[in-house]
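Participant: Sequence:
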Amino acid sequence: MSSKNQGFRWKLNVFDVIIMAVVLVAAAALIIVWRNSGRSNISVMESRPVRYRIEINGMVPDSAIAIESGDLIYDSVKKYALGTVQDVTLEPARRLSKDMETGRTILAEIPDRLTAVIDVVCDCYDSESTVSTTSGYTLRVGQNVFVAGPGYAGSGYIVSILREDVES
1 MSSKNQGFRW KLNVFDVIIM AVVLVAAAAL IIVWRNSGRS NISVMESRPV RYRIEINGMV
61 PDSAIAIESG DLIYDSVKKY ALGTVQDVTL EPARRLSKDM ETGRTILAEI PDRLTAVIDV
121 VCDCYDSEST VSTTSGYTLR VGQNVFVAGP GYAGSGYIVS ILREDVES
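Just so we're aligned: the sequence shown equals residues 1 to 168 in the working numbering.
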């Protein structure tokens, strides 16, 4: 009987082996993640100038005249920097309306309103599919843009984007 009273003897079974294997795999995964946490796999993209055109329709003449070359413009919703104004063209504002006599759709001028066509240049990161400003705003043709500058604001659309190729 003295052999039964010597103490607890641990018997190794299948469940104990599974638990030990899970603990070892988890410890190895934590060590790998901890050792690689200082390294980054993100490649550094170089920014380059991109020119694009914004058309703001229906502006009040006083605010449209306030747009000048050299103004820094922002997205008025999220406060992204959109770039620097290169050139501004002011035209009479127009909208599609129906001619009641002939039934045709025509472009009719809106009285006391102007359309501002703004040429903007900014540094952007671009790939084959996207163009993003260095502040993080993604540019797309046809995208609605809320623009704010010193003394003016408005909403319009991006009508063209010109990427300058590095190779040429």
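There could be a bad hint or two in this list.
Unchecked claim - The following label-pair restraints were derived from C-beta to C-beta distances:
#, residue 1, residue 2, range
1, S135, E164, 15 to 23 Å
2, P111, T89, 29 to 37 Å
3, A108, F146, 19 to 27 Å
4, D87, T130, 22 to 30 Å
5, G142, A66, 22 to 30 Å
Just so you know, the hints here were simulated from the structure itself, not pulled from any lab data.
Every residue, glycine too, gets a C-beta built ideally from N, C-alpha and C.
Participant: Evaluate each hint against the coordinates.
Facilitator: Hints, verified against the model:
Evaluation of the 15 to 23 Å hint for S135 and E164 yields a pass: the beta carbon distance comes to about 19 Å. As the Cβ distance of P111 to T89 is approximately 20 Å, the hint placing it in 29 to 37 Å is violated. Between A108 and F146, the C-beta spacing of about 25 Å keeps the proposed range 19 to 27 Å intact. Look at D87 against T130: about 25 Å separates their beta carbons, and that is inside 22 to 30 Å.
At about 26 Å, the CB distance of G142 to A66 agrees with the hint of 22 to 30 Å.
When the structure is compared with the earlier hints, a violation turns up for hint 2 alone.
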